[in-house]
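Enquirer: Below, each chain spelled out in residue letters.
Number of protein chains: 10
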Amino acid sequence: MMMTKIEMTEAIILAKSEKGASWGSIAEAAGLSEVFVTSACLGMNSLKPDVADKVAAYLGLDASVSTALQAFPMKTWEKAVPTDPLIYRLYEIVGVYGPTMKELIHEKFGDGIMSAIDFSMDIDKEVNPAGDRVVITMNGKFLPYKAW
Amino acid sequence: MMMTKIEMTEAIILAKSEKGASWGSIAEAAGLSEVFVTSACLGMNSLKPDVADKVAAYLGLDASVSTALQAFPMKTWEKAVPTDPLIYRLYEIVGVYGPTMKELIHEKFGDGIMSAIDFSMDIDKEVNPAGDRVVITMNGKFLPYKAW
Amino acid sequence: MMMTKIEMTEAIILAKSEKGASWGSIAEAAGLSEVFVTSACLGMNSLKPDVADKVAAYLGLDASVSTALQAFPMKTWEKAVPTDPLIYRLYEIVGVYGPTMKELIHEKFGDGIMSAIDFSMDIDKEVNPAGDRVVITMNGKFLPYKAW
Amino acid sequence: MMMTKIEMTEAIILAKSEKGASWGSIAEAAGLSEVFVTSACLGMNSLKPDVADKVAAYLGLDASVSTALQAFPMKTWEKAVPTDPLIYRLYEIVGVYGPTMKELIHEKFGDGIMSAIDFSMDIDKEVNPAGDRVVITMNGKFLPYKAW
Amino acid sequence: MMMTKIEMTEAIILAKSEKGASWGSIAEAAGLSEVFVTSACLGMNSLKPDVADKVAAYLGLDASVSTALQAFPMKTWEKAVPTDPLIYRLYEIVGVYGPTMKELIHEKFGDGIMSAIDFSMDIDKEVNPAGDRVVITMNGKFLPYKAW
Amino acid sequence: MMMTKIEMTEAIILAKSEKGASWGSIAEAAGLSEVFVTSACLGMNSLKPDVADKVAAYLGLDASVSTALQAFPMKTWEKAVPTDPLIYRLYEIVGVYGPTMKELIHEKFGDGIMSAIDFSMDIDKEVNPAGDRVVITMNGKFLPYKAW
Amino acid sequence: MMMTKIEMTEAIILAKSEKGASWGSIAEAAGLSEVFVTSACLGMNSLKPDVADKVAAYLGLDASVSTALQAFPMKTWEKAVPTDPLIYRLYEIVGVYGPTMKELIHEKFGDGIMSAIDFSMDIDKEVNPAGDRVVITMNGKFLPYKAW
Amino acid sequence: MMMTKIEMTEAIILAKSEKGASWGSIAEAAGLSEVFVTSACLGMNSLKPDVADKVAAYLGLDASVSTALQAFPMKTWEKAVPTDPLIYRLYEIVGVYGPTMKELIHEKFGDGIMSAIDFSMDIDKEVNPAGDRVVITMNGKFLPYKAW
Amino acid sequence: MMMTKIEMTEAIILAKSEKGASWGSIAEAAGLSEVFVTSACLGMNSLKPDVADKVAAYLGLDASVSTALQAFPMKTWEKAVPTDPLIYRLYEIVGVYGPTMKELIHEKFGDGIMSAIDFSMDIDKEVNPAGDRVVITMNGKFLPYKAW
Amino acid sequence: MMMTKIEMTEAIILAKSEKGASWGSIAEAAGLSEVFVTSACLGMNSLKPDVADKVAAYLGLDASVSTALQAFPMKTWEKAVPTDPLIYRLYEIVGVYGPTMKELIHEKFGDGIMSAIDFSMDIDKEVNPAGDRVVITMNGKFLPYKAW
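Protein chains in written order, with the working numbering: chain D, 1 to 148; chain U, 1 to 148; chain F, 1 to 148; chain C, 1 to 148; chain L, 1 to 148; chain Z, 1 to 148; chain V, 1 to 148; chain P, 1 to 148; chain H, 1 to 148; chain B, 1 to 148.
Derived by calculation from the structure, the hints in this document are not laboratory data.
All residues carry an ideal CB built from backbone N, CA and C; glycine is no exception.
A portion of the hints provided could be inaccurate.
[What the hints assert, rightly or not] The calculated DSS-like cross-link candidates involving lysine-lysine, where the alpha carbons are at most 30 Å apart (straight line), are:
hint, chain 1, residue 1, chain 2, residue 2
1, L, Lys5, U, Lys75
2, D, Lys108, D, Lys16
3, H, Lys146, P, Lys48
[What the hints assert, rightly or not] Some but not every residue of chain B turned toward chain H, in silico, with C-beta under 10 Å:
hint, residue
4, Glu18
5, Ser22
6, Leu32
7, Asn45
8, Phe72
9, Lys75
10, Leu86
11, Ile93
12, Met101
13, Glu103
14, Trp148
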C-alpha cells in the first residue's frame, strides 16, 4: 500500500530525532516558513514535489515520504473540545474573544470573513525579563459576502 | 435587581448605534485597546471603575452600566463547534494548526503553555490590492511546567 | 431596543402572507436572486441599504425592518444533524457524496476548497412527466492552499 | 473472507495511482458519470455486474474487486460535523441555506422533499480569470407528501 | 402574528377534550386515516384546504386553525434518543432490527430504500385473551438507487 | 476462545454467499420467520439449540456456530442517529410519527406501551405498477401501566 | 388551557408544604404505595379517576389537578447523565452492575428482560447503629424473548 | 505484561463454560454473594487474595487470574445511554423514578444520599403463575450532608 | 408559589451587594465555613433552620429566604465541560491528575473512594512576592469497597 | 520507532509490580513529590533528564524509558464525564463547588484564575477512628486578568 500520512509523520519524527534536527532546520531546508512546513509534516497540508523532495532528502528519507508529503490531506481532528492544555487555551481564546473579533472585523472591513485557506501564520519568541512571551501572528485574506 | 451582563451589552449596543459610535471610539474614550474594551462590552472581561465610568459617560449611559462593566464575568459560550462562519474559521485554524503550534512552542520554549490570561490581542487591517487582509496578533506569557 | 433578525423575519413572513407575495416577487423587487434575498429575509445574510429599502417598501414595512436587513448576521443553526426531512436529505448528500466531491475537486483543481463565501446558488424546477425534479446549482470560487 | 468495501477502496486507489488513471478515465471505462463511479469506488454506492467488471478490468484488478463493487453498501459517515475544510464548507452551506432551500422548494413545488435516492450530481470547472470556480449541479426528483 | 403549529396543536387538544372527541372521530370528519390526521394535528404534516376546514369545523375552531393546518411544517424532534417509554421502544426496534430490515429489503427488492415520504401507516388493536396486541402496518414505496 | 457473535455473523454471511442461499431459505430451514432468523444470524437474538443446529447444518457450518447462535446477545448499536439511508428513514418515521403513535395507542388501549420483547415483525413486497412497495407489519403485546 | 403536568406538580408541592403533608400521608389517602403515588404527583405516571380525586381532595385542590393526574404522561428526562448526587449514584449502580444483573437474570430466567412497565418498587429505611441504610426493592415481570 | 481485567474476564467465561459452572456455583466457591462475585469476575470490583484464589482454583485457572481479580479496577462503561434492552430498562427506571426516589429518601432520612460504595445488592427469582418476576434488592448506607 | 433556589440566590446576591457584605462576613454570621455557606447561598447545599435564620437576618431578608435555604437542593450543572476559565482549570486538574490521584489513594488506603458527601473544603490565600497563590484543601472520608 | 508514553507507562507499571516498589519509593528515588512523579509515569507530565534517569535506574529499565519520560506530553483524556467512581467524585466536586470556588477566589484575589500550570498538589492520609480521611491540597498561582 501507499504510505499514509500517519506513517509519514512517524517516519519524519523519528528521523528528526535521530538526526537531531529541529522544525526550524527542516523549514530552512524546505525554503518555507516553520509553521507551514511543520503542519505539512504533521499531515495537515501538502507540499509541492520539489519542496517535498527537499524535506525527505534533508532527513535522509526515501521517495515514499516525499510522495506522502505531496498527497492532498483529509484533515481530521477531534471536534468539540481539545484536551491538551496548550491547545485548549487557543480554543478558549476563540470562545472568549470570538464575538469580539467578529465585531472588530465587521467594523473595519464590512460583512465577510477572514479566510483560513488564503492564510499564513508565524510563531515567535519575545524575550522578556518578567517571563518570555509567545507571539502568534495570523494573516488571512478578507473575503466579503457578495449578493447575487 | 442588578443589571446583568446581557442587559449591559444590549444597552451599550443600542447607545453605540444611536450615537453612531464605533468600537474604536469607545476604546479611545476608555484609553485601552479595541480588543479588550470590546470584549468587556460584550461581557467577557471586567473593567476597572475609572475605565468603566469613562465608557458609560462616553455613551451617555448611567451608573448601572458602569457597575455591570466592573463585575467579574462568568464566561460562557456554546462549547463544541461554533456555527458563525467567521468564528468557525478561527476554530478551524486551531484544529488544523493546533498540533503545529504545540510543536513549535515546545521547540522554542520547552514544556509549557501560552497563557490565555496574561494575554493581549490586536486586530489590524492590511490594505492589499489583491484583497485586504486581516492581521491578528496574539501575545501571551509562556508558562513553563515545573516539577515539585 | 433594535429589531432583532428573528423579529424581522417574523414581520416579513407575516407581511408576505398578508400581501400574497412570493419569495420570487420579493427577489424581483430587490433586483437580486431568489436564494440570496430569501436567505437575507431569513436572517442569514445582510443586504445593502438600497436593496433593504426596496424589500421593506415592497412589503409595506417600516425603516426598522430595512435596518435589520442591513445588520451583519451572527449565523447560527442547530449543529449536528437537522431533523426536517427536506433539510436532512441535503445533509445526507454531503455525508454520502462529500468524499467523492473532495476527490473530484482535487482532481480538477488541485489542493484547496470551494468557497462558501464567494458563492452563489440557484434552485430551479425541471418539469418531467415521470415527476418534476429539483435542480440546485452551486457556484463557488476555488481557493487553493498556498505555502508560505 | 469476502473483500470488504474498505479493502476494495484501498485496492482501487492503489491501482489508480500505479496506473496513473484519473476518476475521469475510470468513469469513462465504466460508461457512467464521474460522481457516481467515484462514489461507488469509495464504497457509498453499488455497481451493476457488467459495470463493476469494466472498472476492475480497466484497473487490472481481479474478480473480488468487482464483487465488492456490486455489494449493497452499509453507508456510514461520522455524524455531526465534518472536519475537512472542503467537506465542512458543504455542510456549512446546508446550515446557512437549508431553510432558504426549504422555503423555495415549497414555493415552487408544494409540501414535499427533493429525493436523495432518485438523484444525480455533476461537478464541473468554470474557468475564470478572477479565479476558477467550482460548479456543482444536483438533480433530484421532487417527492410530494400525500395524505392517506 | 400567524398562529404557530404549537398554538394550533394546543387549540386542537383543548377542543378535542372539551368536545369529548377522539382522534378517530376527527379522522372520520376529515375523511382520511387516523394516523395521518393525528400527525397533521400534532404539527408534523400539512392538510389540503378543504380537509383542514373540515377538521376546524368539526372541532368548532376558527379559520386560523385551518390556516395553520395547511402550513408546510418544519419538522423537528429531539434527535438522539427519545425518553418516553412508548416511543423509546419503537426506537429500540429500529436499533435491534434495522440491519435485519436492510438485509431483507435488499434481498427482496435490490439496492434502495423504503420511502418515508410516499408512505402510509395504520395502527390497529388485535384483541387477544392473553393480552391485546398493537399491530402497526407501514407501507412505503421502494426507491431503487440508479446509476447515472 | 469461544466464537463471538461477530465472528459467527461473518461465518454465516460467507457460507450464505458461497452456497447461494438467501435469508428466506435459511429461515425455511430453521422453521421460523425470516425476520427473526435474520436478526439471530446478525447477532441480535438467540436461537434454541435445535433451531441453531438446523441453521448451522443447512449452511454446512460446525457446532461452534450453533453454540454462538444460542448465546444470549448483548445487543449494541450506535445510539443517536443511524447514517445508512435505509435505516435512517425508519428512524425518521419514529421521529415524525412517534407522538402520533403514542396518541393513538393511548386512545385505543389506555396508558401503557407496545412491547418490543413480546413482539414479531414481517416484511413483505407488494407488487405495484407505479413502483413496488415495502410492507412492514409489527405486532407487539400491549403492556398497561398498573398502580401498586 | 388545560393544566399541564408541570403546573400540577407545582400545585401539589405547594399544597403539601402548606398542609404539612408527607408523601406517605398522600399515598395513604390514595390507598396505593408511596413510590407510585409520588411518581404520579411528579408527573411520571397516571392515576385512575377515583384515586386522582382522593389525592386532590386530601390536598384541598380542585378538579383540574385531578384531571391532570389522570392524563397519560409524556415521560421526559435529561438523557445521558444525571447531575444530582443522589440520582447519579443510582445511575452509577446501573453502569457498574448492569452487566452483572444481565448475567444473573439470564442465568436464572433465560434470554429476556425485567419489565419496567409491569413493575413495582418500594423504598424502606433500615435502622442501623453504624448508620441507617436505604433499602430499595424492585419487582418486575420477566419477559422472555420468543421466536416467531 | 500483566493480565488485564478484560483478559481475565475472557478466561473466566471460557472456563465457566467448559466446566459447566454457573455464577451461583462460583459464588458458592468464593463464599460471597452472586452479585458481588459476578461483578468482580466481570472486572468491576476487586477480590481479597484468599477469595480470588478460591475462584481461580474452582475454575482451574492459574495464579495470573487470581492476581487480576485482586487488582483495583478502573471502572469504565459507555456513559450516556445503554443499548442492551435489559440494561436499558434499568436505566429507564432511574430516569422515570429518580426524582421519586430522591423525594422519598429525603422524606425518610433528610438531606443526603444512598451510598453506591457501602452497598450490596441481591437478585432473586419469584415464581409466579402469571409469569415469573425478577426481584432486585439494593441496600446502601445513607450518607447525610454535613455542614462545616 | 414557594421561593425557588434561583430566586433565593438572586435575593442574597442583591442584599450582599447593597449591604456591602462579603461571603466571609456571611459565613461568620452563620458560624460555619466560607465554602459551605457560599455553596448553600448558591443553592448547592441546605442549611439547618437556625443557621438559615441567621443568614437571612444578617442580610435583612425575610423568612422565605430562610425557608429556601433549608430546602434540600436538586443539584444541577452543565455536565460535560465548563467554559468559565477559572472553573475549567479545576476541571483540567481532574483530567490531568485524576488517574494519579486514583493510584495514590489506592496505594495509601486500598480499593475505595474519597467521599464527596462526608467532605469539607477550604480556600486560602498564600501571600507570595512572586505572585499570591490559591490554596485549596479538600478533606473527604475514605469509603472502602466491601465484599458481601 | 520511539517508545510511546503508553508503552512507557506499561513498562513502569510492570517493573513497579515485579520489584514491589510503590509510587512513594519511586518519588523518593526521583527526589520529587509523589503526585508529580506519578503523573509523569502515567504520561501526563515530563521529567528533566537527570530525574528521568533516576526513575529508570531505580526500576531497572533502560534508556528508552528515560527518553520517553522526558518527552513533552500531548495530554488527552476522555472529555465530558469520567466513569470511575473515584475520579467521578472529584468531577462532582468541581460541579457542585465550582461556582463557590469562583466566588471566594474573586472575593479574596480579584478577577483572575488559579493556574493549573504553575501548580502543585499533595495527597495525604489523615488517620481517624471514625474512618480515615483523604486530604488533597492544591496550590496554584493566582493569575489576574489585566487590561491592555
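Enquirer: Could you check the structure against the hints above and give me the numbers of any it violates, in ascending order?
Expert: 1, 2, 4, 6, 8, 14
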